[in-house]
Structure formats: C-alpha cells, structure tokens
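Chains as they are written, first to last, in this note's numbering: chain A, 1 to 360; chain B, 361 to 720; chain C, 721 to 1080.
Worth flagging that the hints you see were computed from the coordinates, not collected in a lab.
Please note that a few of the clues may not be correct.
Which chain B residues face chain C? A few, computed with CB under 10 Å, are given here [said to hold, decoys possible]:
1) 413
2) 434
3) 458
4) 505
Label-pair restraints from in silico Cβ distances [said to hold, decoys possible]:
5) B:572 with A:91: 30 to 38 Å
6) C:748 with B:486: 53 to 61 Å
7) B:424 with C:1036: 27 to 35 Å
8) B:640 with A:20: 37 to 45 Å
To be clear about the criterion: a stretch of chain A counts as covered by chain B if any three or more of its residues have a C-beta under 8 Å from a C-beta of chain B, and this derived list gives those stretches [claimed, not checked]:
9) 66-80
10) 149-163
11) 321-328
Note that CB positions come from ideal geometry on N, CA and C, so glycine has one too.
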Amino acid sequence: MQASNSFPLNAWYAAAWNQEVSGREILARTVCNRKVVLWRKSDGAAVALADACWHRLLPLSMGRLENDQIICRYHGLAFDATGRCTHIPSVTNISPSACVRAYPVIERHRFVWIWPGDPSLADPTLVPDMHWNDDPEWAGDGDTLSLACDYRLIVDNLMDLTHETFVHATSIGHRAIVAAQPTTTHDDHSVTVTRWMMDIDAPPFWRAQLGRPGNVDRWQIIHFTAPCTIVLDVGVALAGTGAVDGDRTQGVNNRVLNTITPATDETCMYFWSLVRNYRVRDQSLTTQLRNANARIFEEDRIVVEAQQRSISMLPDVPLRNLNIDAGSVWARRNIEMMIERESPPAQASGTHRGAHLASR
Amino acid sequence: MQASNSFPLNAWYAAAWNQEVSGREILARTVCNRKVVLWRKSDGAAVALADACWHRLLPLSMGRLENDQIICRYHGLAFDATGRCTHIPSVTNISPSACVRAYPVIERHRFVWIWPGDPSLADPTLVPDMHWNDDPEWAGDGDTLSLACDYRLIVDNLMDLTHETFVHATSIGHRAIVAAQPTTTHDDHSVTVTRWMMDIDAPPFWRAQLGRPGNVDRWQIIHFTAPCTIVLDVGVALAGTGAVDGDRTQGVNNRVLNTITPATDETCMYFWSLVRNYRVRDQSLTTQLRNANARIFEEDRIVVEAQQRSISMLPDVPLRNLNIDAGSVWARRNIEMMIERESPPAQASGTHRGAHLASR
Amino acid sequence: MQASNSFPLNAWYAAAWNQEVSGREILARTVCNRKVVLWRKSDGAAVALADACWHRLLPLSMGRLENDQIICRYHGLAFDATGRCTHIPSVTNISPSACVRAYPVIERHRFVWIWPGDPSLADPTLVPDMHWNDDPEWAGDGDTLSLACDYRLIVDNLMDLTHETFVHATSIGHRAIVAAQPTTTHDDHSVTVTRWMMDIDAPPFWRAQLGRPGNVDRWQIIHFTAPCTIVLDVGVALAGTGAVDGDRTQGVNNRVLNTITPATDETCMYFWSLVRNYRVRDQSLTTQLRNANARIFEEDRIVVEAQQRSISMLPDVPLRNLNIDAGSVWARRNIEMMIERESPPAQASGTHRGAHLASR
Chain A
1 MQASNSFPLN
11 AWYAAAWNQE
21 VSGREILART
31 VCNRKVVLWR
41 KSDGAAVALA
51 DACWHRLLPL
61 SMGRLENDQI
71 ICRYHGLAFD
81 ATGRCTHIPS
91 VTNISPSACV
101 RAYPVIERHR
111 FVWIWPGDPS
121 LADPTLVPDM
131 HWNDDPEWAG
141 DGDTLSLACD
151 YRLIVDNLMD
161 LTHETFVHAT
171 SIGHRAIVAA
181 QPTTTHDDHS
191 VTVTRWMMDI
201 DAPPFWRAQL
211 GRPGNVDRWQ
221 IIHFTAPCTI
231 VLDVGVALAG
241 TGAVDGDRTQ
251 GVNNRVLNTI
261 TPATDETCMY
271 FWSLVRNYRV
281 RDQSLTTQLR
291 NANARIFEED
301 RIVVEAQQRS
311 ISMLPDVPLR
321 NLNIDAGSVW
331 ARRNIEMMIE
341 RESPPAQASG
351 THRGAHLASR
Chain B
361 MQASNSFPLN
371 AWYAAAWNQE
381 VSGREILART
391 VCNRKVVLWR
401 KSDGAAVALA
411 DACWHRLLPL
421 SMGRLENDQI
431 ICRYHGLAFD
441 ATGRCTHIPS
451 VTNISPSACV
461 RAYPVIERHR
471 FVWIWPGDPS
481 LADPTLVPDM
491 HWNDDPEWAG
501 DGDTLSLACD
511 YRLIVDNLMD
521 LTHETFVHAT
531 SIGHRAIVAA
541 QPTTTHDDHS
551 VTVTRWMMDI
561 DAPPFWRAQL
571 GRPGNVDRWQ
581 IIHFTAPCTI
591 VLDVGVALAG
601 TGAVDGDRTQ
611 GVNNRVLNTI
621 TPATDETCMY
631 FWSLVRNYRV
641 RDQSLTTQLR
651 NANARIFEED
661 RIVVEAQQRS
671 ISMLPDVPLR
681 NLNIDAGSVW
691 ARRNIEMMIE
701 RESPPAQASG
711 THRGAHLASR
Chain C
721 MQASNSFPLN
731 AWYAAAWNQE
741 VSGREILART
751 VCNRKVVLWR
761 KSDGAAVALA
771 DACWHRLLPL
781 SMGRLENDQI
791 ICRYHGLAFD
801 ATGRCTHIPS
811 VTNISPSACV
821 RAYPVIERHR
831 FVWIWPGDPS
841 LADPTLVPDM
851 HWNDDPEWAG
861 DGDTLSLACD
871 YRLIVDNLMD
881 LTHETFVHAT
891 SIGHRAIVAA
901 QPTTTHDDHS
911 VTVTRWMMDI
921 DAPPFWRAQL
931 GRPGNVDRWQ
941 IIHFTAPCTI
951 VLDVGVALAG
961 TGAVDGDRTQ
971 GVNNRVLNTI
981 TPATDETCMY
991 FWSLVRNYRV
1001 RDQSLTTQLR
1011 NANARIFEED
1021 RIVVEAQQRS
1031 ISMLPDVPLR
1041 NLNIDAGSVW
1051 ARRNIEMMIE
1061 RESPPAQASG
1071 THRGAHLASR
C-alpha cells in the first residue's frame, strides 16, 4: 500500500449507498487505494474489512457469508466482523495474528462511511453533514459515478460553477453566473462560496421548478467540508422578494449533496443526490430531477476525464488559478493541510512527485 | 531478456502438446519470458528457435517453412533447425554470427519440452516423468489453460487439495479432505504429500467412477517434481479392502498429470491431463472426464487469477503458510534452490524485488 | 514533455492533409509527443496550438471556434491564433503569461506542416519537396496510416525495397529486386538509393500500368530527406529504350510520396500518396491505385507493428544491418546527426536508453 499525497487517510469517506450493502450480499469497493469488502451483519450493522484473506490474499469478497462471518472461497478461513480469523479448517489453535484489517464504519445520511486511517481518530462527529438526504422535510435521490480522475478535479468543478455556462450551456448554464462575482470565506476545514445573481431571467431548469413567470434572484452557495464533501445550496426566488435577506418563501430551493471518494490516485467514486424542500411527495419529480442531473453530470464526466488524461500527459505543467478558482484554491489548501497533519515531518517535505501533486 | 527470480532456466518446460507441432504449421509460444517458434522438420523432429529474426527482429513465426528451414517474412533470411542463417537474399558470404538461438528440445509423454537455460546442462533424464500420458495401460486426455498468474500459484493450488472443499464444493469437494491430516515428505527436488481418508462416503465424482455403493477409502498422493510438474495419484477403493496397504484391486485410480510452464512472471500455460487405468478403450468416458475436469479447472482459474491481481496490488504483504501448506512450502523451497544454484552469488542476494519474489 | 532520442524537434512534420483542417472543424493530433490542436482561420490560414488550456489543461480541441479564436469548453477562456489568451470570463486584466504555445505552420503540397522545435529556426525552405502532390502534370491520391511503431521502422522499410519480394509477394514483389544491387549515395541530410533491373519480366502491377507486352527496364530510386520524408521514383519502360539514360518516354512513372510523423516514441502517422504523370484525368485509375496501394501498406503494417512489439520485448538486442540496409543506415545516421545538433553536448552523451535508441 503506497502512501499518497493526494488525499488524507484520517477522514470519513462514503464507501457505498446504504442500500448497496444489503441482505446477504457482499460488496467490493476501493477506497483510498485500499480494497475493502463490505457486508451487513444479521443485526443490521455494516462491516468493512480489508479485502484480501490473511492467508493467501484471495479477495474475501469472492467468498460467502456464514452467520456474521465471511468465509474465504479458497481455503475456508472464516473472519468475523472485527477481522479476526475465527476458523481455519484443520487448524486447532489459530494465531491471534491471523486477522485482516477492520475499518471503522458509520451509516449516516443514506451512506456507509469508512475511515481508512488511524482507527483511534475515527470520531463520529466528523462525518460530513448531509442530513438533507434523510430529512423528511426534503425529498430526492441520486446516484454514483465512477470516474477516471483525481477526486480533486470534481472538487474544483463544484467549487466554481462558472463552468456551468460552458459545460452545461444547454441546461443550467447562464451568462449571469459568469457576470456575478462570488464571495469566498473559509476556515481550516471548510470553504464557502456565495454567489447571488439579482433580477435575472431564469434559466430553463429553474424556470420549470419555480413554475411562475418573472425575473428571479438566483443563489448558489457552495459549502465545502474537507476533504471531499460539497453541499450546494441553490435556488431562485421571484426577484426582490427578499431571498438574499433570508426569506425564501417566494422561491424554490435545492440541495445538491456531493461527496467524492478517492478510489485510487486517478480514479474516484462520486456520490451525489439532488434534494428539494417542495413537492416532497412527488416521486415523478424526484425521478425526473435525478435523471436530468445525471445527464448534466455526464457532461462533467467528459470534461474531467479528458482533463485528467491531459494532466497525466503533462506532469510538469502546473494548473493555473484564476479569481474564479478562489473556492478551489482554499479547498485544496484545506486538503493539503489534512495530508500534512498526518504525515511525519520528514515525509511531509516529500518526494518530488509528492510535492508536485500537493502543488496541484 | 530480464533475469527473473520466479523460475529457474535450467529445466525442461512443456512448450506444447505434441499434436500442436504438426505438419507444416508454425507455432509461437512464450516460455520463461522467451518468445519461441516451434515447428517440425520433415524427419519429424521438433525444433525450437528464438522467435525473432537475427536481422531486424521480426518474429520468425510470421514466416513460412521451406524444406526444413524457416524463412523470415520481412527480408527472406532462412534459418535451419540449429538456428544458423543459411541464406540471405543478395548476400553471398553469410557471417557465422548470423544465427538465432536454438533451444534443446525433447518430445516425451505427449509433450514437446524445451530447455531455456544453458544447453550444456540439458540432460534428457531430467524430463519429468509423465509416462502415464502414453502408457497403453492408461487412457485419458487433457488440455491447456493460459492463466494470468504466476505459475507458482498453481503449484500451491495443487499441493494443497483442501481447497477442493471450498473452490469445488459442488463437484469433487468433500469435508473429509479437510479433516484428514496429510503427511509430507521431500528431498531437494521433489515433494510428496499423502492423504488417506478412510471409510468415508464417496463424493459424487468418485461414486460415479467406482460404480458401486458403500463407503470408500480415498487417497490423494501428490508428487511434485521441481520446478513445476505435479502428478496426482488419486482414487477410491471399497473401504477396508486394503488399498492403503497397496491392494487397489477393489478401487478406481486416476492420475492427474500437471505441468505448468511460466510464460512471463505473471502468466503461465497450464498443461494437464486426466488418465485412468480402467475402461481404457472407452472414449466417451475419456471425453466426459476431460470435459468435467476442464470445468473444475475453470473454477480454479477464477481463484488464482483473482489471487494474482490481489498479490500484485499488495506487493508488501506476505503470503502466509498454514499446516495445509507444508507441501507448497517445500515445493517453493525446491524452486528457490534451483534458482539460487543458477545465479551467481552476487546476484543471488538480489534486488529488493528479487528477494521479495523469492520470499513468496 | 520528455526529451526523446528518436526524433529531432527542429524539423517540419506533416500534421494533417490540408483537407483535414477544414471549415469550422477542430482537429486534434499528436506530433513528436506533443498534443496539438489545428484549425483554420476565416482568412484560410491554418493554426496549430498546444492542445491544453493554460488554465486547467483541458484539451482546447474539445472547445469551439468563435471568430478566429478557440474557446475552452471548461471555463470559456478564448485563445487567438498566436496562442494568446484574449478573454477570460469575469476577468478584466489578463496576464500576458496566459497563453499556450503556437507552433509554426506551413501548408504546402497538400499537407499542413508544423515545426515542434525552436520557432526561430522554422525556415520555410526546409519543408520537404513533395511538389508532385499538387503539380498539375501529376495526378493521384493517398491516405494516412496510424501505426503502432517507431517512425524509423517505416524509414527502414522504404529505404530497402527488397522486402517487397517477401512482404508483398503477390502484388509488387519480384525476385529481380533482390537480384539487382542498388547504389547508395548520401550527404548530411539526404540519401539516395538507386536500383535498375534491366530487361526483366514486369510484375503484375507494372504490366497493368504499362499496358504493353515485352520485357522492361525497371527502376526504383529512393530519395530520403531527413528526418522522415521519402520520395520513391519508380517505374518501368520497355527494355532497352533508354530509360536508364533519361529517356522515359517509352515507360510509365509513379512517385510514391511518403512522410512519416512521429506521434509518440512508438507510434506514428504515415502520410502517403501515389501519383503518376500519365492518364492524369482518369479518376478511376487514381482511385484504383490508391486502394491497391493501401492494401499493400496493410501488409507492411502487419510486419512493422510485429517488429515493434518484438523490439520492445528485446530491449538489449541490436538491429543488425546487411548490405541491403545501406540506405537505412545512412538515413538513420542523418536522423541521429539532427538529434545531436539540437541536444546540448552533456545531454548528447545521454542516458543509457538514449544511447541505446540512437544505436538502433
């Protein structure tokens, strides 16, 4: 397992939607360069173990469940939810060293989160806030994209929504996004970018959501929590009805909930959902919005995967930052600070490649 | 050509079934990281040359045969069975250095064996004993699997048949295999693992072969010859009729003949056949057994190729040994001793990776 | 961008046929390990820029044209034909450093040529002479092959046409090619190989072109211009009518125009055309010859791509030269001299691999 300078290990990462870990099924995932096998015990608790048998490294995810244990398909070794080997056929005394790594797991806000770093630091209060995902006041659904890019390219993408004007010209794009200057605030582990577009013509998507004519005040409030969770608070209200001062009653509001889990240094799983606080019983609207958003994200996929290939071809060319990248700059700085905090100082100065990646 | 620490070069390796080198056809194979071209001379003798023209390295296997020579498809150079260039269009005096490497070849027991190492050491008596393959007292057939794994993973697999219980649960697997403790003996170039399962219910495969009801005594005698040939002597006899003491008349006996040729460090060709000393004229049974065995080996393929991917992902994680691995431990030690014997001492201490591979 | 010892940078390389850069289309190409985007301005001039946006490296070729500028698909940055960034949405003062590299471009003889090296050395008089391609006295057409091989393997192939006897045995091959000794002359940047086959039976292709019975004098005059352009002057005339002394009136004459552009170190684009100075208004003949030649080059593809795989497998095995390789030896020497001239002396001694590649 190589150290990587592209992501911290001491963080909660979404490994799966909760419905993906279900019944007696076994799920294999890659999180932060670690192969992980997930399943659910009979009491309903989710389990995450390193996905390689202690004995001969066959992926345990190829095995089967027996009670609350996973049985290796090759030689029948059994491991419990703590990763301890509890049975080896034809062996009486099992060495206590016969175990695989168990990762701390939390289920929250429809996701199964795992902590790939030091288990003693796995503080449940650090799970990113995506409560809208199972808040009865909100409704919606989402999906997962497996992307061939560094997860930080998605962070960049979401921290600067001016790209909507060019990448999503036919759906949510709008020249007004580019015209409106955002404000950016940050602390050591979060960044917020706020953009208000006052008294503008609504783009097609929002016009349909609002269902009323007339100019709108539109907002995009991007909230990043390091290392890789971004909640977009987006919406429109009829122009001049006070949304900017907190009265959103004359408008419609979405949250786009995004958390991007590094699989390897150049691949990631992008979990997203789109939720709303209006027409919450309207499953047709949920389905329509999820599908529309999925199509928009496919436009992003084309861009970020091409960008990754170009970056990989040009290892010595830096990424440049513009004023529109203020959110991304701070987000990446927060990520780097997390990485530095968990690296021994000697290692923090790093290899050339490490330093290089950090500078990206 | 890189040195490799995963296989010795001074050994006979099966390059092909004898019927694969036939008539005027040209066969290309990779043996121990060496590209080899095989064909048969008009006197019937098989030939193996390095598969790259001396001149511009085009594979000779893309050429054609003319009498007992192979003609390069690019510029028409001709090479005889000793690898000497005998004709270059428009060149009168051919340099004696114009030659490609010829590998020592022996045909025996239905295989064409080649010796990739020092030809002066190519002792025909060292060809592994697979005489059952063309012994008129025995009948059967086999096939070849091209596998994306280190050949030693197949050695491991065959040296410990407890895996049958888990990998082949529905066919030859049986809990009794796990329950019976084997005995392991070895010398410097061979290992024997012997397991007797007394007075057990026969698994479906053996029940069908025996064709009689009643409990059986079952044996599995695994005989490894370094570096990569394994003969399984397997069978059942009616319980208590003395098979363990040498009287197998009340039973049925198979030999599973296996020789695994490294193609590259992480790929191999697995040649196997299944022969029996009963109903030897029954071609339907031969076909049925070959097909059944081929299905069983596909179950192994899934396991060993997944294991190889996991091993490659986890270069710093050792393979652990259990008591069931005694045969495999000795077999790998025999292989390592062969490798060490042919390496100059300075090189034997090796690079980190070399040492690492050896330790696997 | 890695330095490479397989090609010089200070040279004109064909990047496209002129008709490939057309209208409002955007073309992406790889030339000498550099990704390049090509398009045509409204005044008809072709443009070549580095194909990665200055900002976040998205390929500009994924963008769109607006007037004479290319607009990045990700954030809308605009670049003019000189590579200067002329517009960044929501940015007022654009740094003069915001630019991408523009490559010198010349259109000549139906090709768009670019100069990947030092622009101050991009002398238009150095464009290789392929004037037959748009000379009204000549007619014909060609195509492009994308090949998985070092471009120098095509140079080798074209500098020694004895391969026709073996690779193209059924079409243009002829034993007489091998029998006739060529003469080779050269200077520092060109090589000429001349072969006359006097009073021979015409091979099928030439018999059809000549349209008359009787033995022929056949010529193959191969003219190489470093680093990668080869003009074949080939034809036949009725035997003894003085073609060898300059009177070709009793014969037919083709030029095969070839220029091979390295894409990467082990891939290339091979641009070729076949032109003739007879029946120049006969488009059916043009099409027939182009298609026939394309089929012949597919026979070469099989050989050179297999040769490249073999060379890559055998990094320590040298390519050998025979007398038939005299043209190729001098051509490669010319290429090496170009590479050495543009390398600082310290670098010219090079790494092991550099030295190794040069020796090939």
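Do the hints match the structure? See the list:
Taking 10 Å as the C-beta cut-off, the interface hint given for residue 413 of chain B holds, the closest approach to chain C being about 9 Å. Residue-level restraint check for residue 434 of chain B holds (minimum Cβ-Cβ distance to chain C is 6 Å; threshold 10 Å). Because the beta carbon of residue 458 of chain B sits about 8 Å from the nearest beta carbon in chain C, less than 10 Å, this interface hint is met. A cut of 10 Å between beta carbons decides the hint on residue 505 of chain B: the least distance to chain C is about 23 Å, and the hint is violated.
The given range of 30 to 38 Å is respected by residue 572 of chain B and residue 91 of chain A, whose C-beta atoms sit roughly 35 Å from each other. A hinted range of 53 to 61 Å holds for the C-beta pair residue 748 of chain C and residue 486 of chain B, which are about 57 Å apart. At roughly 28 Å, the beta-carbon separation of residue 424 of chain B and residue 1036 of chain C lies within the given 27 to 35 Å, and the hint holds. Checked against the hint of 37 to 45 Å, the pair residue 640 of chain B and residue 20 of chain A fails, with Cβ atoms roughly 54 Å apart.
Beta-carbon proximity to chain B at under 8 Å applies to 6 residues in the region 66-80 of chain A; the threshold of 3 is reached and the given coverage holds. Residues of the region 149-163 of chain A lying with their CB closer than 8 Å to a CB of chain B number 0, which falls below the three-residue condition for coverage. Interface restraint, the region 321-328 of chain A with chain B: violated (0 residues with C-beta to C-beta distance below 8 Å; minimum three).
When each numbered hint is compared with the structure, violations occur for hints 4, 8, 10, 11.
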